[in-house]
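Enquirer: As given, the protein sequences belong to chains A and B, one line each in that order. -3 is the number of the first residue of the first sequence in our numbering; add one for each residue after it. -1 is the number of the first residue of the second sequence in our numbering; add one for each residue after it.
None of the hints are false.
Ranges between beta-carbon positions, derived for each pair:
hint : chain 1 : residue 1 : chain 2 : residue 2 : range
1    : A       : 323       : B       : 178       : 39 to 49 angstroms
2    : B       : 114       : A       : 106       : 38 to 48 angstroms
3    : B       : 22        : A       : 99        : 23 to 33 angstroms
4    : A       : 307       : B       : 144       : 37 to 47 angstroms
5    : B       : 114       : A       : 337       : 52 to 62 angstroms
6    : A       : 265       : B       : 136       : 35 to 45 angstroms
7    : B       : 136       : A       : 106       : 55 to 65 angstroms
8    : A       : 264       : B       : 90        : 33 to 43 angstroms
Derived, one-sided and incomplete: chain A residues facing chain B with beta-carbon distance under 10 angstroms:
hint : residue
9    : 36
10   : 158
11   : 160
12   : 164
13   : 165
14   : 167
15   : 173
16   : 174
17   : 176
18   : 177
19   : 178
20   : 228
Now the stretches of chain B that chain A is said to cover, found in silico as 3 or more residues with beta-carbon under 8 angstroms:
hint : segment
21   : 84 to 96
22   : 104 to 110
Just so you know, the hints here were simulated from the structure itself, not pulled from any lab data. Each residue gets a CB set at the ideal place from its N, CA and C atoms; glycine is no exception.
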Amino acid sequence: MFPDFLTDIYSDYTIRNITLGAMVLGLVSGSLGTFAVLRRQSLLGDSISHAVLPGIILAFMLTGSRDPLILILGAAIVGWLATLSIMAIVNTTRIKQDASLALVLSVFFGFGMVLMTFVQRQPDAAAAGLQRFLFGQAAAIIWDDVRTMLLIGGAAMAVFLLFWKEFKLVVFDRAFAFSLGMPVRRFDVLLTTLLVIAIVIGLQTVGVILMSAMVVAPAAAARQWTDRLGLVTTLAGLFGALAGVTGALISAYAARMPTGPTIVLCLTAIVLFSLVLAPNRGILWAWVRQHRQSRELRSRVVLADLYWLSQQHAGDDSGHSIATLEAMSAGRVAVDHGLEDLEQAGLAERTDEETWTITERGREQAIRDLAEEEREGSDV
Amino acid sequence: MTTMTSAALESQPAIAVRDLTVAYNDRPVIWDLDLDVPAGVLMAIVGPNGAGKTTLIKAMLDLVRPAAGQVEILGQPYRKSRDRVGYVPQRGSVDWDFPTNVLDVVQMGRYGALGWIRRPGNRERELALEALDKVSMGEFADRQISQLSGGQQQRVFLARALVQNADVYLMDEPFQGVDATTERAIITLLKELRSEGKTVVCVHHDLQTVPDYFDWVALLNIRKIASGPVSEVYNETNLRLTYGGRVAFLSRDAAAPATAQAAVEED
Ligand SMILES: Nc1ncnc2c1ncn2[C@@H]1O[C@H](COP(=O)(O)OP(=O)(O)OP(=O)(O)O)[C@@H](O)[C@H]1O
Ligand SMILES: [Mg+2]
Chain A
-3 MFPDFLTDIY
7 SDYTIRNITL
17 GAMVLGLVSG
27 SLGTFAVLRR
37 QSLLGDSISH
47 AVLPGIILAF
57 MLTGSRDPLI
67 LILGAAIVGW
77 LATLSIMAIV
87 NTTRIKQDAS
97 LALVLSVFFG
107 FGMVLMTFVQ
117 RQPDAAAAGL
127 QRFLFGQAAA
137 IIWDDVRTML
147 LIGGAAMAVF
157 LLFWKEFKLV
167 VFDRAFAFSL
177 GMPVRRFDVL
187 LTTLLVIAIV
197 IGLQTVGVIL
207 MSAMVVAPAA
217 AARQWTDRLG
227 LVTTLAGLFG
237 ALAGVTGALI
247 SAYAARMPTG
257 PTIVLCLTAI
267 VLFSLVLAPN
277 RGILWAWVRQ
287 HRQSRELRSR
297 VVLADLYWLS
307 QQHAGDDSGH
317 SIATLEAMSA
327 GRVAVDHGLE
337 DLEQAGLAER
347 TDEETWTITE
357 RGREQAIRDL
367 AEEEREGSDV
Chain B
-1 MTTMTSAALE
9 SQPAIAVRDL
19 TVAYNDRPVI
29 WDLDLDVPAG
39 VLMAIVGPNG
49 AGKTTLIKAM
59 LDLVRPAAGQ
69 VEILGQPYRK
79 SRDRVGYVPQ
89 RGSVDWDFPT
99 NVLDVVQMGR
109 YGALGWIRRP
119 GNRERELALE
129 ALDKVSMGEF
139 ADRQISQLSG
149 GQQQRVFLAR
159 ALVQNADVYL
169 MDEPFQGVDA
179 TTERAIITLL
189 KELRSEGKTV
199 VCVHHDLQTV
209 PDYFDWVALL
219 NIRKIASGPV
229 SEVYNETNLR
239 LTYGGRVAFL
249 SRDAAAPATA
259 QAAVEED
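Generate the whole structure from the sequences, applying the supplied hints.
Expert: Following this line, the structure appears as structure tokens:
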């Protein structure tokens, strides 16, 4: 465009790149991450993201270039090698999945750290920026990076959408997919490749240490809100983009914080919000529902007892004492609260300070309840 | 094929298993098994837990690689005949918390016919709804699969197999965990499939109902103990051989709980 237009436009240009970059990265890793989470591969994501560090450094050492495309390619290749090593360890030794994940993570990451220390001792100034691959640095995003993310992310998303139905079946019911003659193993490879891409695409913005959060957390949050796969995936993408952009801008301008942790903090807020407030699955709603249910149960018990008493003492409408009702429910429910609820619903009324009676509507309701119980009982 | 008469086609077994041996980690779980399933029968595979019933179904579907032997379905290896085969996996083999609904799962039965990339459309939707009606799950089409009872899950799988519109059906314990009403509905459906000339093979655990439900049976315990018409091979001797003497009897008037006991002991 106009690289030396005016200095204050320069900062707008930077903001645009940061925003765009963080958005693309959040969108891609968030939505691709959905399938990793559904396949229970969240920990694999974490291992891969740590393990790619030596790939980045080696790519730099071999080419001397800091072109994002080359570094990402190096990361992707090593990410794949790490995945293969994990599979090989599980298949050929007695070491279990979790141990092999941890093993590969630490060996690869450790090797990467050694390489990084080595490179930075060299007089070559170009190596200075490699440090940012640990915790990420959004402020350094330039148009080249955005272009690379668009390119790789766009290709990954295209494949993802194209084979949507196949991926869904392979993840949901592997044996059935096999029985239809689908090349299930090739889809495994493809899905794992997409996971690797979802990780490497954000390495320089978020950093290897926290990148797996970008893949796992949006999907976990999105799952709280909906039961539809398409929506889960879309929401995960949006959550990823939201956290990415917010975190990147905060870290680049407001706080002097590395980008990775800032983005992850934003993600954490989204996840917490979803865990607590999402309808149906949210903790708050579960609590409200449970509370409502136990109240309903309480009123039902008290109403049934009142009904029984009114049958026993037909013609006597002086009411029944709370003490009797309490004895009948044998302390199972709080009778006084139950009576208040019944009064509000017009099913029972107070006849005196300590005595209550059932209303006509209450009688009808009690008969309905009893009939329903009977029907349910005979089902068993 | 085209020159064959229809009579010749009918006499050809729907499933032919030859010298089949399957091993996991060098331990054979199916040993040198020969089995012919004639076309148009409703067959039960019975045997104790770990007898290799699921493995046999999987071997028929090319899901496990046999150490020796082969399987032909409708005269061809599975990979050539799979468009004519429907499969109902064991219900517990999938994650029912997967975010999708009943209609979507049933439509998966059309994926084979749809081919690559193409998405299910109106036609698939109609077929799926029709199949759901057949298993009396029509009103559950939009229900999330996580909110289904065990018996409803089973019927969803059955509906998915129905939309495959296959000639041979392989079902792994389609009656597992369903109540008596559902069980009757399912068996009526399976008998309907048989009367349409289809071949249905079910892994089955309730020894008591075998004579009522099925006309053909295979008794299996790593080796094949016997197979043939229920009236001929489903007797005490063969059951004793299959279950290792733990089935004390199987007379039709014997008390039901005792037979159920035989199955429970194996669990
Ligand atoms: N993937 C596997 N790896 C190793 N061994 C296996 C595997 N699957 C099954 N087996 C073993 O093979 C044997 C046969 O298993 P299979 O599932 O075919 O039995 P089944 O007859 O279907 O039993 P059930 O009645 O419990 O369903 C069992 O001993 C089981 O432990
Ligand atoms: Mg089985």
